[in-house]
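Undergrad: Mind docking chain B on chain Z? Use the hints.
Which chain is which? The protein sequence lines are Z and B, in order. Counting the first sequence from 1 gives a position; our numbering is that position plus 21. Counting the second sequence from 1 gives a position; our numbering is that position plus 21.
What the hints contain is simulated information worked out from the structure, not anything from laboratory work. For each residue, glycine too, the CB sits at the ideal point set by N, CA and C. Watch out, some of these pointers could steer you wrong.
[Unchecked claim] Pulled a few chain Z residues facing chain B out of the computed Cβ check, cut under 7 Å: (1) 23; (2) 128; (3) 205.
2 protein chains.
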Amino acid sequence: MVNPVLVDVTRGALTESRHRGMIAVTDAAGGVVYAAGDIDAAVFPRSACKAIQALPLVESGAADTYGFGQREIALAASSHSGEDAHIALAAEMLERARRGVADLECGAHWSSQQPVLIHQARTRQMPDALCNNCSGKHAGFVCACCHQGIDPKGYTGYDHPLQAQIREAMEDVTGAIVGADVCGTDGCNIPTYAVPLKALARGFARMATGEGLSPERARAARRILDAAMAEPWYVAGTGRACTALMSLAPGRIYAKTGAEGVFCAALPEQGLGIALKCEDGTTRAAEAMVAAVFARLLSDDVELAGRLSERADVRLRNWNGTEVGRVRAVLP
Amino acid sequence: MVNPVLVDVTRGALTESRHRGMIAVTDAAGGVVYAAGDIDAAVFPRSACKAIQALPLVESGAADTYGFGQREIALAASSHSGEDAHIALAAEMLERARRGVADLECGAHWSSQQPVLIHQARTRQMPDALCNNCSGKHAGFVCACCHQGIDPKGYTGYDHPLQAQIREAMEDVTGAIVGADVCGTDGCNIPTYAVPLKALARGFARMATGEGLSPERARAARRILDAAMAEPWYVAGTGRACTALMSLAPGRIYAKTGAEGVFCAALPEQGLGIALKCEDGTTRAAEAMVAAVFARLLSDDVELAGRLSERADVRLRNWNGTEVGRVRAVLP
Chain Z
22 MVNPVLVDVT
32 RGALTESRHR
42 GMIAVTDAAG
52 GVVYAAGDID
62 AAVFPRSACK
72 AIQALPLVES
82 GAADTYGFGQ
92 REIALAASSH
102 SGEDAHIALA
112 AEMLERARRG
122 VADLECGAHW
132 SSQQPVLIHQ
142 ARTRQMPDAL
152 CNNCSGKHAG
162 FVCACCHQGI
172 DPKGYTGYDH
182 PLQAQIREAM
192 EDVTGAIVGA
202 DVCGTDGCNI
212 PTYAVPLKAL
222 ARGFARMATG
232 EGLSPERARA
242 ARRILDAAMA
252 EPWYVAGTGR
262 ACTALMSLAP
272 GRIYAKTGAE
282 GVFCAALPEQ
292 GLGIALKCED
302 GTTRAAEAMV
312 AAVFARLLSD
322 DVELAGRLSE
332 RADVRLRNWN
342 GTEVGRVRAV
352 LP
Chain B
22 MVNPVLVDVT
32 RGALTESRHR
42 GMIAVTDAAG
52 GVVYAAGDID
62 AAVFPRSACK
72 AIQALPLVES
82 GAADTYGFGQ
92 REIALAASSH
102 SGEDAHIALA
112 AEMLERARRG
122 VADLECGAHW
132 SSQQPVLIHQ
142 ARTRQMPDAL
152 CNNCSGKHAG
162 FVCACCHQGI
172 DPKGYTGYDH
182 PLQAQIREAM
192 EDVTGAIVGA
202 DVCGTDGCNI
212 PTYAVPLKAL
222 ARGFARMATG
232 EGLSPERARA
242 ARRILDAAMA
252 EPWYVAGTGR
262 ACTALMSLAP
272 GRIYAKTGAE
282 GVFCAALPEQ
292 GLGIALKCED
302 GTTRAAEAMV
312 AAVFARLLSD
322 DVELAGRLSE
332 RADVRLRNWN
342 GTEVGRVRAV
352 LP
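Next comes chain Z alone, as it looks inside the complex (with noise of 0.2 Å):
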């Protein structure tokens, strides 16, 4: 099956480059709401499935041992840009567990994000693990295991406790079998397992309805969703996709990216799922993909759906600011 052209990039009059795609939107019990492409394929959600992966962290009771708030458990279900505020956050995260960043197994690297990147480079020789933008998630996998009195050390690996308790995570609540055949390693070195598109947005309809989850999975899905929701800048960063879409709709729209044009989302009012994936793996083009498919769901908000359509059509400007082409959802 050839994917649909989802997103066009203009240039003056001419389409200069095309995306192509896929999008699922269910219901909780898997009811198709919307489709486009093959919703069948298998996708790795990558960053974008990090809620799931926070789930032992919030269920074990150590979110509630260490004094987790909100920001905590957002972090720990973000992909964070690498601004002070996120790397304190993380650190001291680690410390509520007597652990610190020699105990992150993540890797460094400097921020993606250009502003945030100049500032590394102005204030710190290298980056740490804490720079990672999975340093929140990674902190959270260390407090889960020390609360369960698991020995952190290894957390990363396929085998270790901890990634078998993320692995029942997302069967339970994706519905699909995941294990060694459908997995690949991560940017951040933790396992990725490969979903059909339309079983994750089944997932993230569960995750924010609780439909089909037991009462303590539903209560922790609920509160990781929320804590995201209410705390967006600690999910991802400052001019971010991620939190600009959740703050347009305080509590009302949960969105999460993936590296490869992954998104993971839900509108909890719908009792919605939605999980995209751009072919190509492009983020310019995932973006408009969901903020496209937000305007269309949420389209009896006409002011909401206005500020979603404007996400969905982005005008690009050059170094001199000159508008000369758009990123254009162009969804079927």
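TA: Below, chain B alone, put in the same frame as chain Z:
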């Protein structure tokens, strides 16, 4: 026409993303030696045609008057990384014509290359127009104007005499008609014209061989390609694809990238021109595609073809250095 998948991005044992695109390889008469996808599609070559845009600088005698050697000519046809020596040489070119940074109309931006950006952030408050990846080209534009007694002011405008000279050169070299109907504005503010991919390939076969061009133009074209191949660091910079590809086989490979996943290239010994575009505009895919095409066309040189093939099948490593996947050209 649906363009074929030309690059697979894998993670573990699975394909994670895929890139479609089109490739044209022709001789100077337009005979197609290899084709994939829609090679009649009009494509904005963006920076990949900077060698053509540099023709007025050389043909007018400006390059000789100002004493430009191969480094200056390579920089005039470059998208440089903004390393110190790139910036210094662009400034020196302007000084030869008694002009300066204030005459540049390209706008300013930080380097797109992370190590260079870190250096820039630590050594300057803000980037100026000399840091723009196109500053060498624009310095060449200003020099071409000054030498011809043309006021450079407004040299980026469609109606400026310099842009008329560039349009004439584009039409003569590619055989395509270019005008306002296929015109967009480039990142550095000059007009960019969409040209059928096949015509771009033929144009670069002509640039490399001189066939079909006037003797003066043929000499200028060869002088520009020779300069780029002799000084490939000045065409791009440290660790960049164009620099690396031309360094692999001095004088035998010409390659120049452009934004939105384009390459224009030539193999002077074979008399072939190459033009390609990744449909979705992604650089990683265009780089794998051009390396794979070179490897195929240069297969007689087993060692060189082997090195080129390595660049067409790149190992992806995560922040811990673990191999997690590949970006692999899969040409039909």
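Undergrad: When the nearest CB of chain B is found for residue 128 of chain Z, is that gap smaller than 7 Å?
TA: holds, 3 Å
Undergrad: Let me know if the C-beta of residue 23 of chain Z comes in closer than 7 Å to any C-beta of chain B, holds or violated.
TA: holds, 5 Å
Undergrad: Does the CB of residue 205 of chain Z sit less than 7 Å away from some CB of chain B?
TA: holds, 3 Å
Hint compliance for this structure: no hint is broken.
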